[in-house]
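Chain order of the listed sequences is D and E.
For what it's worth, the working numbering labels the leading residue of the first sequence as 1, then goes sequentially.
For what it's worth, the working numbering labels the leading residue of the second sequence as 1001, then goes sequentially.
Hints listed in this document are in silico derivations from the structure and should not be mistaken for laboratory results.
Since this is a predicted model, take the numbers as computed values, not measurements.
Wrong hints could be hidden among the right ones.
Keeping only pairs whose Cα atoms sit at most 30 Å apart, straight-line, the calculated BS3-like set for lysine-lysine is [said to hold, decoys possible]:
id, chain 1, residue 1, chain 2, residue 2
1, E, K1004, D, K4
2, E, K1230, E, K1343
3, D, K320, E, K1316
4, E, K1247, E, K1380
5, D, K26, E, K1343
6, E, K1233, D, K235
7, E, K1210, D, K4
8, D, K4, E, K1320
9, E, K1320, D, K316
10, E, K1210, D, K26
11, E, K1026, D, K247
12, D, K4, E, K1316
13, D, K316, E, K1026
14, E, K1343, D, K320
There are 2 protein chains.
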Amino acid sequence: MERKNLNIGLFGFGCVGYGLYEVLHKTPSLNAQISKICVKNKGKQRPISADNFTFDKDDILLNEDINVVVELIDDADAAFEIVTAAIKSGKAVVSANKKMIAEHFEELLLLQQQYGVPLLYEAACCASIPIIRNLEEYYDNDLLESVEGIVNGSTNYILTKTFAENLSYANALQQAQEKGYAESNPILDTGGFDAKYKLQILLAHAFGIKTIPADIFNYGIDNIGELELKYAKEKGLKIKLVAQAFKTADNKVAAFVLPKFVSNTNKLYQVDDVFNGVITKTCFADTQFFVGKGAGAYPTASAVISDISALSYDYKYEYKKLQQQQGLELDNNVLLNVFLRHKKEEALVLTTYFDSIEESYLNNEQGYISGVISLKNLQKITNTYGANTSVILHDAVLNYELGENENAPAFTNTAAVY
Amino acid sequence: MERKNLNIGLFGFGCVGYGLYEVLHKTPSLNAQISKICVKNKGKQRPISADNFTFDKDDILLNEDINVVVELIDDADAAFEIVTAAIKSGKAVVSANKKMIAEHFEELLLLQQQYGVPLLYEAACCASIPIIRNLEEYYDNDLLESVEGIVNGSTNYILTKTFAENLSYANALQQAQEKGYAESNPILDTGGFDAKYKLQILLAHAFGIKTIPADIFNYGIDNIGELELKYAKEKGLKIKLVAQAFKTADNKVAAFVLPKFVSNTNKLYQVDDVFNGVITKTCFADTQFFVGKGAGAYPTASAVISDISALSYDYKYEYKKLQQQQGLELDNNVLLNVFLRHKKEEALVLTTYFDSIEESYLNNEQGYISGVISLKNLQKITNTYGANTSVILHDAVLNYELGENENAPAFTNTAAVY
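This is chain D alone, in the form it adopts within the complex (with noise of 0.2 Å):
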């Protein structure tokens, strides 16, 4: 078991980053070191020695010494900057950054073909929770159904809270930026952007289609108002943020982020607090549940490090479901069973955009239709008449729980209506 050294440059010292130094301090049974930080304010308390630090992105990637680089900054375009002139310097690459990597991972596709490098990025989607490694390794050959999950620790930090303190959504995102779970500016998180993102990581690992952002429907929790809480707790539902991607019908793959109500019989109704969980629905071994840490230091330092640990026996990511080339494609042209709430005077035309209708309300100021529409209206709706309304998808599709289509392979029922 012959294991490379590891002499690593890393950019930010942010708490992850923190948590990266100190976790590899405690694992020294792994052959790697960080050689230089490096970070950008200058006069910015570090708790450690000044040495280790440098504002000089060359010296780390002029550095020959350096043969990994390790990116744990916020900012996706300076990533982006630094990840592509480290892969180009022959650096093997660890990367956090959702974002970067799913806005250029094309780009990041060619480059780790064209210079031979790896990029590995388990922390950028759901931290501790090792998703890309098992899609990629283990449901290589299992026929992969459904890959939907609670991917956002923020948004399932605040939804926990709106149900268990019944605080109202503003005072529980309040809290959780105060807690320093949410950004002063959440919308990447609230919004589902950061959802997305790490569903579009999953698409490419899971079914080998590659997106960019603007393919994909996200909608956040921004909206989710009193009614709809009310409307969740009175049946004992939660509302969960959920990423999914799904084979249709005519096999394709549909994906979109939307709030979901979730019954005590949904896996997923038990993942609260910051953590994720992901649930993966294949041909022969049906359901698999991952749950863990979605957010905070040490989980995330964890995921980076065992991509360390991976290059250091020169891991990397095959793609093998984009090599295999099955051809799936991207499809948004399916129904869903929502809950729209609206304004009370725009009920009637609302209506019109939906297929079916199974039950609305109205009181004085607003009201909800619950029914099947097509994610196309719906998008329209989002579009049109934006704060006015909130979606929850309804948690329709019985074949996912615990317990079901015992033993039969799951190539029926993933239906139109989800």
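Once you have looked at the hints, place chain E on chain D.
Same frame as chain D, but now just chain E:
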């Protein structure tokens, strides 16, 4: 991406063997085919053409075109003979036989090294859950604190029925037998032996500890009676058969199989029917939870296929934890918090075995003692008082629950009292 062509010789054509045959035919991307199937029973009607079969094991073992042996027979002794011969003739081996692997772990390890031949056995441990691969590949450098889980599908099915349908244990067992989930002689499952074999395999890949079956205490579900079922139901608990291993305060590892009361805040509470669930707790990634089907032809075949697929890339277990020589030893010198049901007249003598007693109860026939006892004394009781007693572990370790210890390294709190 070069893939080896795999020519498979299959031993056994029960439901998993036939499942594998079907699954292989539905995954043409895998360059693998079954050349010959060796079976025992000459008279049995089989669903595929007779040309596929042989009754002579040498038709596979001496066939130089066959480079992979897949062993899916019940008899552990015959399986060991086949696997040994296959390794010695340089054929890679995939096996699902936990008893064989647990009983001959060290010999099989040496054989793999001596002949440079991989032996993979993901299907032997929790069927569809990729737990061995994750322990091998992913938690390599994340200091592992504990592994615990429901690892036997048959007993979980029986216990689920017992609770969901208010059946007695005996009735639930009978139903499981009628459905084919339990053998006519179900003692390997219900006595906790199967769970122990799996725990032994987990111990090697999680902590680098080699064991023989006699090293580990296993206590099954055979003795579960009305009193403890009533106790559980009144308190909103379920009983699950749990295999667990955890680091003790003096950096050894305790491991045993015992039924356990689990509350609805324990992640294992939701793992019902033939599902298995494994919780790992690591220093940095914190809690991870894997759920999947632990029994059934397709889920098991799916794990076998993943191993076959891995062989096509020359994958082998590195046994990294064994190589790292952390020198972890098994330690059965632990205190447990248990519920012990007993005959009325044995109440007094049994109290003397306890370190401390929290609760005791007596009626005209029987009673229970709830308190702290050493594992050694517990073993004495089960040896001496056997079927007159029933033991259930209390669910006392709160730091395993979702949402606890957020972002904190989990060095602490694998307390002596479990």
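Right, here's what the structure says about each hint:
{"no.": "1", "hint": "E:K1004 with D:K4", "in the structure": "holds (26 Å)"}
{"no.": "2", "hint": "E:K1230 with E:K1343", "in the structure": "holds (16 Å)"}
{"no.": "3", "hint": "D:K320 with E:K1316", "in the structure": "holds (19 Å)"}
{"no.": "4", "hint": "E:K1247 with E:K1380", "in the structure": "holds (23 Å)"}
{"no.": "5", "hint": "D:K26 with E:K1343", "in the structure": "violated (51 Å)"}
{"no.": "6", "hint": "E:K1233 with D:K235", "in the structure": "holds (24 Å)"}
{"no.": "7", "hint": "E:K1210 with D:K4", "in the structure": "holds (27 Å)"}
{"no.": "8", "hint": "D:K4 with E:K1320", "in the structure": "holds (15 Å)"}
{"no.": "9", "hint": "E:K1320 with D:K316", "in the structure": "holds (19 Å)"}
{"no.": "10", "hint": "E:K1210 with D:K26", "in the structure": "holds (25 Å)"}
{"no.": "11", "hint": "E:K1026 with D:K247", "in the structure": "holds (17 Å)"}
{"no.": "12", "hint": "D:K4 with E:K1316", "in the structure": "holds (19 Å)"}
{"no.": "13", "hint": "D:K316 with E:K1026", "in the structure": "holds (27 Å)"}
{"no.": "14", "hint": "E:K1343 with D:K320", "in the structure": "violated (60 Å)"}
Violated hints, in rising order: 5, 14; the structure is consistent with all others.
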